[in-house]
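Asker: Residue-level listing of the chains:
2 protein chains.
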Amino acid sequence: MAVDVTMDKIVSLSRRRGFVFPSSEIYGGMGSTYDYGHYGVLMKNNIRSLWFQTMVQERDDIVALDSAVILNPLVWEASGHVGGFSDPLVDCRTCKLRFRADQLEQSACGRKPSKHPGEWKECDLTEARQFNLMFQTQVGPLEDSSATAYLRPETAQGIFVNFKNVLQLARRKPPFGIAQTGKSFRNEITPGNFLFRVREFEQMEMEYFVPPADAERWYRYWVDARYDWYLKYGLRESMLRKREHSAEERSHYSSGTTDIEYLYPIGWSELEGIANRGDYDLTQHTQHSGTKLEFVDDDGTRYTPYVIEPAVSIERIFVAMLVDGYDEEVVADRERTVLRLHPAIAPVKAAILPLIGKNTDMAEKADALFQELRRRHVVEYDDSGQIGRRYRRQDEIGTPFAFTIDDQTLEDGTVTVRDRDSLAQERLPLDGVARWLGEALEKPWRTPKA
Amino acid sequence: MAVDVTMDKIVSLSRRRGFVFPSSEIYGGMGSTYDYGHYGVLMKNNIRSLWFQTMVQERDDIVALDSAVILNPLVWEASGHVGGFSDPLVDCRTCKLRFRADQLEQSACGRKPSKHPGEWKECDLTEARQFNLMFQTQVGPLEDSSATAYLRPETAQGIFVNFKNVLQLARRKPPFGIAQTGKSFRNEITPGNFLFRVREFEQMEMEYFVPPADAERWYRYWVDARYDWYLKYGLRESMLRKREHSAEERSHYSSGTTDIEYLYPIGWSELEGIANRGDYDLTQHTQHSGTKLEFVDDDGTRYTPYVIEPAVSIERIFVAMLVDGYDEEVVADRERTVLRLHPAIAPVKAAILPLIGKNTDMAEKADALFQELRRRHVVEYDDSGQIGRRYRRQDEIGTPFAFTIDDQTLEDGTVTVRDRDSLAQERLPLDGVARWLGEALEKPWRTPKA
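If you're matching them up, the sequences are chains P and U in order.
Counting in numbering that gives the first Met the number 0, the first sequence runs from 0 upward without gaps.
Counting in numbering that gives the first Met the number 0, the second sequence runs from 0 upward without gaps.
Honestly, I wouldn't trust all of these hints.
Distance windows between CB atoms, simulated [claimed, not checked]:
#, chain 1, residue 1, chain 2, residue 2, range
1, P, Lys172, U, Pro87, 33 to 39 Å
2, U, Arg375, P, His244, 34 to 40 Å
3, P, Ser383, U, Leu230, 35 to 41 Å
4, U, Asp420, P, Arg170, 22 to 28 Å
5, U, Gln52, P, Ser237, 35 to 41 Å
6, U, Val2, P, Lys172, 33 to 39 Å
7, U, Ala146, P, Ala423, 52 to 58 Å
8, U, Leu230, P, Val2, 49 to 55 Å
9, U, Arg375, P, Gln286, 40 to 46 Å
10, U, Leu230, P, Arg170, 32 to 38 Å
11, U, Arg196, P, Trp267, 45 to 51 Å
FYI, nobody ran anything at the bench for these hints, they're computed from the structure.
From the three backbone atoms N, C-alpha and C, an ideal C-beta is built for every residue, glycine too.
Work the whole structure out from these sequences, hints included.
Answerer: Below you can see the structure in the form of structure tokens.
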């Protein structure tokens, strides 16, 4: 029977094994802010570098960019964020809290003991007013408003304002893309659901500039390419779907938006969005900056490219992969929790386990193997406790392979390799382990999870 | 004769080849803020991942962390940043500008036509007052001061407040370390000197927790280890020095601080700092949070570990490596600019160049090689223009190797490999290129620069 993966189970495993924990815990936390521990950092690094490898390294047509978090504030005037990037807020005169006017049905007044959603009708609410989601700050020693700046709420605008630079410096012509990863910040009124809605998050965005006539085709291309990427890195097809936004749902400038949704414990929700943004952004920045952001071809043809944007945050991929990989099963009368992560995503690629840690011959051979493997991979050495407990520790963090050095190793120079998913064990010669692991990590992988 | 590497030359090359350019340029810039182009991103990625590999992956005793940018503001009360992380400021009543009171000798009034430093004596300056360098913002929909928070001015405090988590979750005992990379923000009054002093920068910090009696020894260890790291990745010994701070210069809590300095075009300046911070941070957070941040050994011994901190920003390494690698020379009557970067640091590892781009046989062979190599490395395909011009383009971005596909390739299946530094050329069989490149990139490397 399929295991019921609740958000609680994911939060609990993350906390217990040091993937993610509430930020500033010793000071009572910092409302829906999280810090990543060792395995969380390793897993995020894998997600980021696989995205970068797919989007930049393995392509001819996409270059990388890393723009600043605090841009010239005029960027956000032009993009429409200063005027329109806001949520409607109401105050409750009873409990003095503030809530999103468009989410009242799911909220509850702080003074209502029952806290049943929908009791708002009885509450004393103010009219809704717009609350901008950009974090403001002051730059430089001046205290007047001329120094007001914003933390970027998205990385995309940093790409648009560098369009001309890249066009010139990287000698590109449409279709070509600019890719960027980095933190964005949004002053969410109701953050929550673990990492699902947080105030700081790491985006991975790519803006793909195309001739207007080809926009629809490239939009479809990127929806499919991104969907396939999630299948490649192990997400189950049954947990993924493409959902095209209706005309009412779309931003006014978008002529097409598709969400790749994942069946999170909170229900089907956006994992990644792919939008056809048209020429909206380049046109806005042309108007506001006075710099013509267009493409001029060798024959003199000039046009403002359309933009197709696949945009995702590492956090949503991170949660989807934990949920998809999480499994519980009973093996030989013992329950085990196992993260069936794609080997490329798994924070640790292999564990090296001397069966008896205090046996110096075993320890020596195990250490030599450890030193060899960690030049190329993140691997772990563990010699403490029963071997079964050590296996389960590695299962919980999703380590795909474990190499055990035992008595037979001392006799014939072979080690046991244990497969996390099938629990199959086979013996390999010690000097063939590095090559075996290198090949095993490159093989296509599909989860055995039901 | 050694080339005179000025900051102007570095800025110009960075701009010209798209490593780094002024941020928000189309809106008139954003005072001393920079965006990184394709090659800049690749080079920064290399620096970050080599640091991570050395500090985390290849060690048993250091784990990774990624804490939030906006922490609970009590963290910065405890650390002393709210009270003391400030510069003294004066206003000039003549020109209405503000300046750092401790840097007046190097500044000039906005109204003085000559702008000679030191003319301040004649100016009408206010008394100095303290200006805090942390960026402030408001979190959540509340507008009162209870919601004031700060952008972290360093990553270190995020490590200290997670000390207990890591101690428990990662099953560690001193000596052990916690490493973190990520952006920090400082509202510098006088940013400048290209990337040398910027308002947002990416830190790489590691806090190493040790028994107090061993602190001095570990402090020396880390000064040497970090110095050797720079030699390993190609910086010249003649451009590096260790400078120990005098007692007056040190922070009050530090019992020892050494800067690894690099001879930048602006003179000897801090590249990386290694400090013995004692038990100051853990003690402060214990007092302010009420959570005891100490280590309790199996035998019941308890103590507050001392902390040794090697701290550096990617930007300073980035500039040092550009300066160290920058070279100009005349080859066959032609001048070339070359970045003699360590191959592990170079943004592009190899260029694949069909001698005649329009020759379909050459193009086909070149493309096959390109597809093979880029699965493992960042490589570039270039078929446009004279071969000499293509070589020089690669020289300027520091690509260590170029593989040229020519007539002879079609006859005997060999390609020419050209070495960026020696300009030596040799022929290799096409099917041996991948292995040759893999090995060449792992060899120790020393700059031939005088």
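Asker: Next, verify each hint and record whether it holds.
Answerer: Tested hints:
1. In this structure, lysine 172/P and proline 87/U break the distance hint of 33 to 39 Å, their C-beta atoms being roughly 52 Å apart.
2. Hint check: arginine 375/U to histidine 244/P, Cβ distance near 39 Å, so the stated range 34 to 40 Å holds.
3. Judged by the Cβ atoms, the range 35 to 41 Å given for serine 383/P and leucine 230/U holds: they are separated by roughly 36 Å.
4. At about 26 Å, the CB distance of aspartate 420/U to arginine 170/P agrees with the hint of 22 to 28 Å.
5. For the pair glutamine 52/U and serine 237/P, the beta carbons lie near 37 Å from each other, so the given range of 35 to 41 Å is met.
6. Range check, valine 2/U to lysine 172/P: about 35 Å between beta-carbon atoms, so the 33 to 39 Å window is met.
7. The supplied range of 52 to 58 Å is met by alanine 146/U and alanine 423/P, whose beta-carbon atoms lie about 55 Å from each other.
8. The beta-carbon spacing between leucine 230/U and valine 2/P, approximately 52 Å, falls within the hinted interval of 49 to 55 Å.
9. With their beta carbons about 44 Å apart, arginine 375/U and glutamine 286/P fall inside the hinted range of 40 to 46 Å.
10. The supplied range of 32 to 38 Å is met by leucine 230/U and arginine 170/P, whose beta-carbon atoms lie about 36 Å from each other.
11. One distance hint, 45 to 51 Å for the beta-carbon pair arginine 196/U and tryptophan 267/P, holds here, with the actual separation near 48 Å.
This entry does not satisfy hint 1, going by the numbered hints stated previously; all others are met.
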